[in-house]
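*Asks:* Take a look at the letters that make up each chain.
There are 2 protein chains.
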Amino acid sequence: MKQTQLFMPTLREVPADAEVKSHQLLLKAGYIRPVSAGAFAYLPLAQRVLNKVEAIVREEMAAINANEMLVPEILPAELWQKSGRYATYGQDLYKFKNRQDRDFILGPTHEETFTELIGNDIKSYKKLPLVVYQIQQKFRDEGRPRFGLLRTREFIMKDAYSFTADYEGLDAIFDQMEGAYRNIFDRVGLSYRAIVGDAGAMGGSDSKEFSAPAAAGEDIIAYSDGSDYAANLEMAKDFYERVDRSGEAQAELEKIDTPNAKTIEELSELLNRPAEELVKTILVSGPEGELAAVVTTGDFEVNLVKVQNFLGLPEVELADEALVQEKLGASFGSLGPVGLPEDVKLLVDERAADLVNFAAGANEDGKHYLNINWNRDVDLADDQVADFRTAKEGDLAVDGKGKLVFTRGIEIGHIFKLGTRYSDALGAKVLDQNGRSIDMIMGCYGIGISRLLAAVTEQKADDKGLVWPAAIAPYEVHIVPVNMKDDAQAALAADLEKVVADAGFESLVDDRKERAGVKFADSELIGLPVRLTVGKKASEGIVEVTLRQSGESFDMPASEIAAHLNEWLAK
Amino acid sequence: MKQTQLFMPTLREVPADAEVKSHQLLLKAGYIRPVSAGAFAYLPLAQRVLNKVEAIVREEMAAINANEMLVPEILPAELWQKSGRYATYGQDLYKFKNRQDRDFILGPTHEETFTELIGNDIKSYKKLPLVVYQIQQKFRDEGRPRFGLLRTREFIMKDAYSFTADYEGLDAIFDQMEGAYRNIFDRVGLSYRAIVGDAGAMGGSDSKEFSAPAAAGEDIIAYSDGSDYAANLEMAKDFYERVDRSGEAQAELEKIDTPNAKTIEELSELLNRPAEELVKTILVSGPEGELAAVVTTGDFEVNLVKVQNFLGLPEVELADEALVQEKLGASFGSLGPVGLPEDVKLLVDERAADLVNFAAGANEDGKHYLNINWNRDVDLADDQVADFRTAKEGDLAVDGKGKLVFTRGIEIGHIFKLGTRYSDALGAKVLDQNGRSIDMIMGCYGIGISRLLAAVTEQKADDKGLVWPAAIAPYEVHIVPVNMKDDAQAALAADLEKVVADAGFESLVDDRKERAGVKFADSELIGLPVRLTVGKKASEGIVEVTLRQSGESFDMPASEIAAHLNEWLAK
Chain A
30 MKQTQLFMPT
40 LREVPADAEV
50 KSHQLLLKAG
60 YIRPVSAGAF
70 AYLPLAQRVL
80 NKVEAIVREE
90 MAAINANEML
100 VPEILPAELW
110 QKSGRYATYG
120 QDLYKFKNRQ
130 DRDFILGPTH
140 EETFTELIGN
150 DIKSYKKLPL
160 VVYQIQQKFR
170 DEGRPRFGLL
180 RTREFIMKDA
190 YSFTADYEGL
200 DAIFDQMEGA
210 YRNIFDRVGL
220 SYRAIVGDAG
230 AMGGSDSKEF
240 SAPAAAGEDI
250 IAYSDGSDYA
260 ANLEMAKDFY
270 ERVDRSGEAQ
280 AELEKIDTPN
290 AKTIEELSEL
300 LNRPAEELVK
310 TILVSGPEGE
320 LAAVVTTGDF
330 EVNLVKVQNF
340 LGLPEVELAD
350 EALVQEKLGA
360 SFGSLGPVGL
370 PEDVKLLVDE
380 RAADLVNFAA
390 GANEDGKHYL
400 NINWNRDVDL
410 ADDQVADFRT
420 AKEGDLAVDG
430 KGKLVFTRGI
440 EIGHIFKLGT
450 RYSDALGAKV
460 LDQNGRSIDM
470 IMGCYGIGIS
480 RLLAAVTEQK
490 ADDKGLVWPA
500 AIAPYEVHIV
510 PVNMKDDAQA
520 ALAADLEKVV
530 ADAGFESLVD
540 DRKERAGVKF
550 ADSELIGLPV
560 RLTVGKKASE
570 GIVEVTLRQS
580 GESFDMPASE
590 IAAHLNEWLA
600 K
Chain B
30 MKQTQLFMPT
40 LREVPADAEV
50 KSHQLLLKAG
60 YIRPVSAGAF
70 AYLPLAQRVL
80 NKVEAIVREE
90 MAAINANEML
100 VPEILPAELW
110 QKSGRYATYG
120 QDLYKFKNRQ
130 DRDFILGPTH
140 EETFTELIGN
150 DIKSYKKLPL
160 VVYQIQQKFR
170 DEGRPRFGLL
180 RTREFIMKDA
190 YSFTADYEGL
200 DAIFDQMEGA
210 YRNIFDRVGL
220 SYRAIVGDAG
230 AMGGSDSKEF
240 SAPAAAGEDI
250 IAYSDGSDYA
260 ANLEMAKDFY
270 ERVDRSGEAQ
280 AELEKIDTPN
290 AKTIEELSEL
300 LNRPAEELVK
310 TILVSGPEGE
320 LAAVVTTGDF
330 EVNLVKVQNF
340 LGLPEVELAD
350 EALVQEKLGA
360 SFGSLGPVGL
370 PEDVKLLVDE
380 RAADLVNFAA
390 GANEDGKHYL
400 NINWNRDVDL
410 ADDQVADFRT
420 AKEGDLAVDG
430 KGKLVFTRGI
440 EIGHIFKLGT
450 RYSDALGAKV
460 LDQNGRSIDM
470 IMGCYGIGIS
480 RLLAAVTEQK
490 ADDKGLVWPA
500 AIAPYEVHIV
510 PVNMKDDAQA
520 ALAADLEKVV
530 ADAGFESLVD
540 DRKERAGVKF
550 ADSELIGLPV
560 RLTVGKKASE
570 GIVEVTLRQS
580 GESFDMPASE
590 IAAHLNEWLA
600 K
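Residue numbers (my numbering), protein chains in the order written: chain A, 30 to 600; chain B, 30 to 600.
Only chain A is shown next, with the shape it has when bound in the complex (with noise of 0.2 Å):
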């Protein structure tokens, strides 16, 4: 390709508004324009790589016998009323009118719409396991979109989906998944981990999470640094062993007065107790006005993930001051388990569920009580206890096998085992080999293919611009004869363009009559990994090789290249 017939605008100056690398290196390099705040044009170079990470991402999913598909973006509104997600899914969810009035939604991922399609048309277990998958744009309102392709309001996905008659068939389906997974983000370069992910946004009951370390990233994965465990932080726990303290002795339950201590710092100190040794209550709320006041130890804070997916509500919220007084009488600061009103259920974290004579609000401004004991001040069944707790950088990991360190990751696929969850609400039913109708069994996996290109340009990219691993350059080579006017060059760099062709591989040449200082920027800049420099020693047939991620740089006759290209486009 020449570039004088690419659209390829590369900037001299970062827009402004540009905060991570990612957005700030495409936008430069003249890989993406924004259309509106969160949508953004794939120019041609960007074009390109997606092109070839869906290649990829085609090829893998081959391999493991998933159909490549494809649903409407539109969708009518009944098929998520089913579901319950038309009324759940909160603000993200684009929703319209057509002309007839009847509503739509644009799909942000596609559960009902393969629920419903498969379930129509299979009727017994005889034809499944079947996984299908689309690659495709899907939509989430975001409220702020940000970060260049990071957080955006239109992007691409490849969503698959996996049927099955048994938890045997999908475990294998996931696993085969993971497989495929970790050889994609092989393919494309980028280093990842696999991490325990919150399943509980599609109603899940098991998934994992492929995370990109890099700083731009929005999430917090927490991995130990003595063993494979690591999590998002929402979902990541500490090592905790429960203890049996039914033999202390308990002392008398008090209450005092502590018209100064309303925080757990201030409590500690009037108490003279470790902030482990004292509780703090929150209230949370659900979307149907579920109440719960959630106890945890004073030296953790409460996971309202957790706490969500525990109670299996699709989103709950802190309680707001009003609602906190409505309910329990006080502020804030004077919370507690003890008498509690009957339609505020009572959670407690394991740590906090082997206190012995805690103190804790009590339920009456400037009142806390002295001395609580489960089971003789509080009823505390023992379905009331679990990790309720965000875990903290430094405490041992889960498996005991080391500390928890906290990095930020992007998250780049996820893959859930869904259970029954949309078939149940769907009707999608087969019969099984005993001829009974059962549920399918179903999973989701999802990549987000134009999140793909932040996520390899946050790791790879450096001060000079874009750095593509070969499998999903633009072009593998990029040719730049320094000077077009000088027929030696020209002529050297056509050759060369037959060469890179002939040996497989695609080419850019820049046949701008620019500067030379212009050409190697913007070279850099859209970061392809070799670069064939034609200059003066082109009547010698000396060219001048560039590997953009190394750096290294070295002249080599024009008739040697050919049998290097392998080598230095490794895939």
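Worth double-checking, as some hints may not be accurate.
[Stated by the list, open to error] Result set (DSSO-like, lysine-lysine): computed pairs, CA atoms no more than 30 Å apart in a straight line: (1) A:Lys126 x B:Lys111; (2) B:Lys152 x A:Lys156; (3) A:Lys458 x A:Lys493; (4) A:Lys57 x B:Lys565; (5) A:Lys57 x B:Lys266; (6) A:Lys111 x A:Lys126; (7) B:Lys152 x A:Lys31; (8) B:Lys111 x A:Lys542; (9) B:Lys111 x B:Lys266.
[To be verified] Just a sample of chain B residues kept apart from chain A, beta carbon distances all over 12 Å, derived: (10) Gln34; (11) Ala415; (12) Asp468.
Hints are computed from structural coordinates only; laboratory data are not their basis. Here a beta-carbon is modelled for each residue, glycine too, at the ideal position from N, C-alpha and C.
Use these hints to put chain B onto chain A, whose structure you have.
*Replies:* Okay, now just chain B, sitting in the frame of chain A:
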């Protein structure tokens, strides 16, 4: 690919609401399923055809140095307000608001998007010409989606846009694009005509439409049986040479009572004059209340598309009875050109403009004038006269070289010379060679990718099912072992799978435990070009070869198959 792993739900019966052949067969053969009215899921076999069609389109676009890109499908309303189309595009435009209450649309086409993108980054004629394209879902809120993939609300298009600094550049790209389109349609196996299209809708000056003749087509194509001339009926022209009759005697204008002559036929009988010597007059209105009376000879119908394009309006419609009464003071049967109010523009078809002493309604119920003469009884300037009539089958074609024949066709592609319609509206300017700021000259070029599947089916399918040309068949070879439990058959089928793969083709293996009759019926239904049936002669190494298109069937030793695949699957 093993058929047991493929989602390919064939049906025994055709759904009752499928009216045309392609809709019926694509449903029956398990290629498509509706998700809502006019929005289809493409099942795996259809997706493979789409991928092959798209690959052909990409190759032909690359051959003319068109740059592939991808722009958002959700577009801010402001973009279309700049061009004016937000107001004028009509009810087919999907409009919605985002969570911040801003207006958006779903793109049905992207002239504005590309004009703004290119206009923002290209500032000099030196960076032109430039051709960009994308392959993407488009959205049109059809009032009555129908005929399967032929008229849908969501569809896949290849849309290309060219930007040049002069009209010579536009003409050159238009011609290259026509060549690319011919290659694409030839390669996908369609027969088609390149016809004169209606450029008005896109605001352009010149266009060529590609139409695939098929009974299910919604357009009528008029072509000459004696030359290459072909046009959409709305644009078709019959042969007519203006005559100068200014020397003929003009009889006295006379108003007569015609209470029973409300149609041309009744008037013709009453006056004993042929319809071509009478005129009919209709009133049309534009979107902003523009009014025109259009006069044709009695033997032709008024062509609203020609009127609309002549007036440069986005649309015109026939005035209703009430408006006609209000403006002209008479009912439909008594209208005429004499004494029109000032705000009604008079347009006269060239055949009617050449009449002398002709009759027309008097704009008074039950009255007609006899012996009307232009520029004696009604002012008529040359710029009010043009071809405003709908051509009739059997008339001499405009080139005088044959008679017009009408046939139905499916619009599969359309290329337009747009000129500066959009660059002017959106301020997309470059500096020319003389340093002057000029509007970029544009063209736009579309192919209905998903519609091609229906068009090929309409042209190729037979009473047994689909028939795919090798170039776009989901798989080229269908290997059908009659009995999978027979070891010899299973082994030979596996051998053949390898033979086909080694020859560079893809096969589908019917490994289902179904009766032979079901397998053969499904095989004919899905329409792969070559079937290799492995039956009782498997133990002798004999395979039955069936060519889907010709129906030809013959035995052949398995060892000879490889040598014939290229011949059977010539692309």
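*Asks:* Indicate, hint by hint, whether the structure satisfies it.
*Replies:* Tested hints:
For the given pair, Lys126 of chain A sits about 24 Å from Lys111 of chain B by alpha-carbon distance, which is consistent with the 30 Å threshold. Pair hint Lys152 of chain B plus Lys156 of chain A does not hold up; C-alpha atoms about 58 Å apart against a cutoff of 30 Å. Of the supplied pair hints, the one linking Lys458 of chain A and Lys493 of chain A is violated, its CA atoms being roughly 56 Å apart against a limit of 30 Å. Distance hint between Lys57 of chain A and Lys565 of chain B is unfulfilled; the C-alpha atoms sit about 66 Å from each other, more than 30 Å.
For a cut-off of 30 Å, the pair hint linking Lys57 of chain A to Lys266 of chain B is broken: about 52 Å separates their Cα positions. Simply put, Lys111 of chain A and Lys126 of chain A have alpha-carbon atoms about 18 Å apart, close enough for the 30 Å limit, and the pair holds. Only pairs whose Cα atoms come within 30 Å are accepted, and Lys152 of chain B paired with Lys31 of chain A is accepted, the gap being roughly 19 Å. With a C-alpha separation of about 35 Å, the suggested pairing of Lys111 of chain B with Lys542 of chain A is violated against the 30 Å cut-off.
Between Lys111 of chain B and Lys266 of chain B, the direct Cα distance comes to roughly 35 Å. Violation of the 30 Å bound is thereby established for this hinted pair. The claim that Gln34 of chain B lies off the interface is violated: its Cβ sits roughly 5 Å from the closest Cβ of chain A, which falls inside the 12 Å cut-off. Against chain A, the non-interface label of Ala415 of chain B holds: every CB pair exceeds 12 Å, the least being about 34 Å. The claim that Asp468 of chain B lies off the interface holds: its Cβ sits roughly 18 Å from the closest Cβ of chain A, which is beyond the 12 Å cut-off.
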